[in-house]
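As you go down the protein sequences, you meet chains A and B in turn. Position 146 (the first sequence) corresponds to 146 in the working numbering; numbering is contiguous. Position 45 (the second sequence) corresponds to 45 in the working numbering; numbering is contiguous.
Simulated from the structure, these hints should not be mistaken for lab results. It is possible that some hints are incorrect.
Here are the computed distance ranges between Cβ atoms for each label pair [to be verified]: (1) Val373(A) <-> Asp65(B): 24 to 30 Å; (2) Tyr304(A) <-> Ala241(B): 49 to 55 Å; (3) Ile290(A) <-> His142(B): 45 to 51 Å; (4) Arg20(A) <-> Ala241(B): 43 to 49 Å; (5) Pro34(B) <-> Tyr405(A): 32 to 38 Å; (6) Tyr405(A) <-> Lys237(B): 33 to 39 Å.
The calculated DSSO-like cross-link candidates involving lysine-lysine, where the alpha carbons are at most 30 Å apart (straight line), are [as the list claims (entries may be wrong)]: (7) Lys4(B) <-> Lys88(B); (8) Lys16(B) <-> Lys74(B); (9) Lys312(A) <-> Lys3(B); (10) Lys3(B) <-> Lys74(B); (11) Lys88(B) <-> Lys393(A); (12) Lys393(A) <-> Lys116(B); (13) Lys16(B) <-> Lys325(A); (14) Lys246(A) <-> Lys215(A).
Just so you know, these numbers come straight off a predicted model, no measurement behind them. We put the CB at the ideal spot given by N, CA and C, even for glycine.
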Amino acid sequence: MNFSNLFRIAYRALLRNKLRAFLTMLGIIIGVASVIAMVAIGQGSKQSIHDQLSSMGTNMLTVQPASNLNGGVRIAGTSFQTLTSKDIDALKNHPQYITELSPSVSSKGQAINGALNWPTTMTGVSPEYLDIRKLSVKDGIPFTQNDVLTSAKVCLIGQTVIDNIFPNGENPIGKIIRFGHIPFQIIGVLSPKGFNTFGQDQDDILIAPYTTVQKRILATIYYSNIYASAASEDVTDQAVQEMTDKLRASHRLRDSEDNDFTVRTQQELIATLSSTSGLLTVLLTVVAGISLVIGGIGIMNIMYVSVTERTKEIGLRMSIGARGKDILLQFLMEAILISITGGVIGVLLGFLSTQIVTLTLGWPTIISQSSVVLSFVVCAVTGIFFGYYPAQKASRLDPIEALRYE
Amino acid sequence: MSKKALEIKELKREFKMGSETVRALKGITFDVEPGEFVTIMGSSGSGKTTLLNILGCLDKPTIGDYFLDGVDIKKLNRDELAQLRNHKIGFVFQAYNLLARTSALENVELPLLYNKEISVSERRDRAMHALEAVKLENRFDHMPNQLSGGQQQRVAIARALVNEPVMILADEATGNLDSRTSYEIMALMQELNSTQGKTIVFVTHEPDIAAFSSRTIQLRDGIIQKDTKNENPRSAKEMLAALPVTDDYNI
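Chain A on its own, in the form it takes in the complex (with noise of 0.2 Å):
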C-alpha cells in the first residue's frame, strides 16, 4: 500500500471521530506547549540570572606578580615587582581576546575630612577599570583619560568613606579631602556594592588615576596588579593564554623559565552561573519528559479503545482485503497524525501562553529553537512509540472473529 493511500484512510479515520481525536491530542497539546513555555521561562530567567551575575564581571581577568625564585629565596609575588607600562604596552598592541585593560597600584592610609578620619585604600587605576568592574557612579563624573596623563589629583569615593568622613550627609562631590598628605577633590560618588563573598567591604574604597598614585603618593614605576575583560565568558581561556604569551614576551622569559606572574579569572563565578542553569536545564528537561509521557500514554489509551471498538470495521478491512500490515500502519498512522497535529497546536498554545506570561506577569522569557524541535520530535516518536502496541494488537486480529465482534 503506498503512503497517499495509507494516510488517506487513517486521515479519514480520524475525521470520522473528531472529538476523540482532540480530547487525544489535548494530552500532547498541553504537553508541548508546557514544555515550550516552561522553557522560554527558564531561558528567561536563566538569562536574568546570566545578567545579574555578569554583573559581578564574569569575564574579568588579573594578572598579579608571581611569587619567584630570586637567587634561591622565594619571594612573595605581591611584594615582586614586575608589571610595568611596558606590559600595558604589549597587551594593547592587537588585543585579540581582551577588551579592556587597567593597571592598578594601591596604597593603604587615612582619608581625612577635616577633623574625620578612616582608614581605607586608595587604588591608582584607569577610566576602563570602572567597566571591568562593573563599577558605576552614582553621582558626579568618572575621571579621564587625561587625569591620568596630568596626575591630576581627583577621586571617586566609595559609600563607607562617605559615611565616615562625611556622617552628616553632606554632598562630597567637589570636596577637597587630605588622602595621607595630598589633597584630593572628590569628583564622583561610588554606586554601592556590599561586602564581597569573602566579607570584605568593597564599597570601602578610594579610586584615582594611576598615575596619581604611583607618582604623588607610592612613588613607583610598577603596578600591583592588571585588570583586563576578556571578549565575553566564553573565550576566558583564550583571553588568558593571550595574556600569558604576551607578558612572557614583554617580560622576555625563555621557554624554560617559569611565568613571573600569574593571570586569575573568575571561575568560581562562572562554574556557580552553569551549574545554576544546569539545573534548570534538567529540571526542565524531567518535567518535559514527564509531560510528553503523559500525553503518550494518552494516546496508547484511546488507541487501545479505538482498537477495542473499531474491531468490527478491522474486520472488515481485513475482509476486502487489508493485510495485517495495513492495519497496523493506518493505526500507526492515525497515531502518529494525532500526535503530530498536537504537536504542531501544542507549538502554537505554547508561543501564545508564553506572549501572555511576558505581557501580564512581565516574566523574561526566550522561546529556544532547540525546545520547539526537541518536543516536536519527542511527539512524534511518542506517536509512533506509543501507537504501536495497539496498532500491533489491530494487525493480529482474526478477520473472521473480528467481523463477527460486536
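Since the structure of chain A is provided, determine the placement of chain B on it from the hints.
The following block gives chain B in isolation, referenced to the frame of chain A:
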C-alpha cells in the same frame, strides 16, 4: 474448457476445542461455474458459516483443496490471502458493515484503497460506476445513517462490485431486511447475475431466498445433503411487482 470460478474437493475443516475435535465440515466437493447464482442453505450447525469463511478465504481447510479462480489457497499465507480477497471476492454482509460517518462513495472506494495499482481518479470513477450499478449514484455523498437499510445494503453491494471480483459472496445479505426490501436486493442480485454475468454465492437459511437462485446446495451436519439445479428461478422483479404498492416507500 473454461476455468471454474471455484473448485472444492474433499474439503474438511476441524476445530480443536480443548481436547475435543469438532468436525465442522466432513468432506465437501462441488464446483461453481462462472456466471452461476448459487445459494448455500443449511440450518445452524450445518457448517454453513465455516464453509462461508473458507469460501471467503478468511479461513483455510484442514484437509482438501479449494481453488478460487484457479488459485490454490492452501499455498497462500495471510497476506496473500488478503490480496486474493481484495482482487477476487466481493463480500456482502448481513449487517452491511459500512463505515459510519463515511460517505457512500468513500465506503465503496474502500477496497480500492488496498489495491495499489489503482490511481485516485480511477478509484473515484470505478466507485461511481459501482454506485450506478446499484442505482445509488445520486446518493454518493450520503452517510450510512442517512440511508435506509436497503440502500445501505446496496452500497455494500456496490462495494463488493467495485474491485470486479470473480465471485460475490453474500452472507445472509437479506437477513436484516423486510421482505419488500429483500426482494429488491434479490432483484438487484439477479440483474447483476444475468446482465453482467457475475458469479454469486449466497449463503442463507431462508428457502424463500434460495428460490431466486439457479442452484441450491443444502448443507447438513457438515456434508452436502442436496445439490439441486433450479431450472426456473423465480424472478424477484416480478415478485416485487406483485407486492401491494405502499405509499411510504418507493424505489
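Status of each hint after checking the structure:
1. Val373(A) <-> Asp65(B): 24 to 30 Å: violated (58 Å)
2. Tyr304(A) <-> Ala241(B): 49 to 55 Å: With Cβ atoms ~52 Å apart, the hint holds.
3. Ile290(A) <-> His142(B): 45 to 51 Å: Holds: the Cβ-Cβ distance is about 46 Å, inside 45 to 51 Å.
4. Arg20(A) <-> Ala241(B): 43 to 49 Å: holds (47 Å)
5. Pro34(B) <-> Tyr405(A): 32 to 38 Å: holds (33 Å)
6. Tyr405(A) <-> Lys237(B): 33 to 39 Å: holds (36 Å)
7. Lys4(B) <-> Lys88(B): holds (13 Å)
8. Lys16(B) <-> Lys74(B): Given that 30 Å is the threshold and the Cα spacing comes to 19 Å, the pair holds.
9. Lys312(A) <-> Lys3(B): Violated. Lys312(A) to Lys3(B) sits at ~34 Å, over the 30 Å cutoff.
10. Lys3(B) <-> Lys74(B): OK: Lys3(B) and Lys74(B) at ~18 Å, within 30 Å.
11. Lys88(B) <-> Lys393(A): Answer holds: Lys88(B) to Lys393(A) is near 27 Å, not above 30 Å.
12. Lys393(A) <-> Lys116(B): Holds, because 24 Å separates the two Cα atoms, which is no more than 30 Å.
13. Lys16(B) <-> Lys325(A): holds (28 Å)
14. Lys246(A) <-> Lys215(A): Judged against 30 Å, a Cα distance of about 26 Å means the pair holds.
Comparing the model with each numbered hint stated earlier shows that hints 1 and 9 do not hold.
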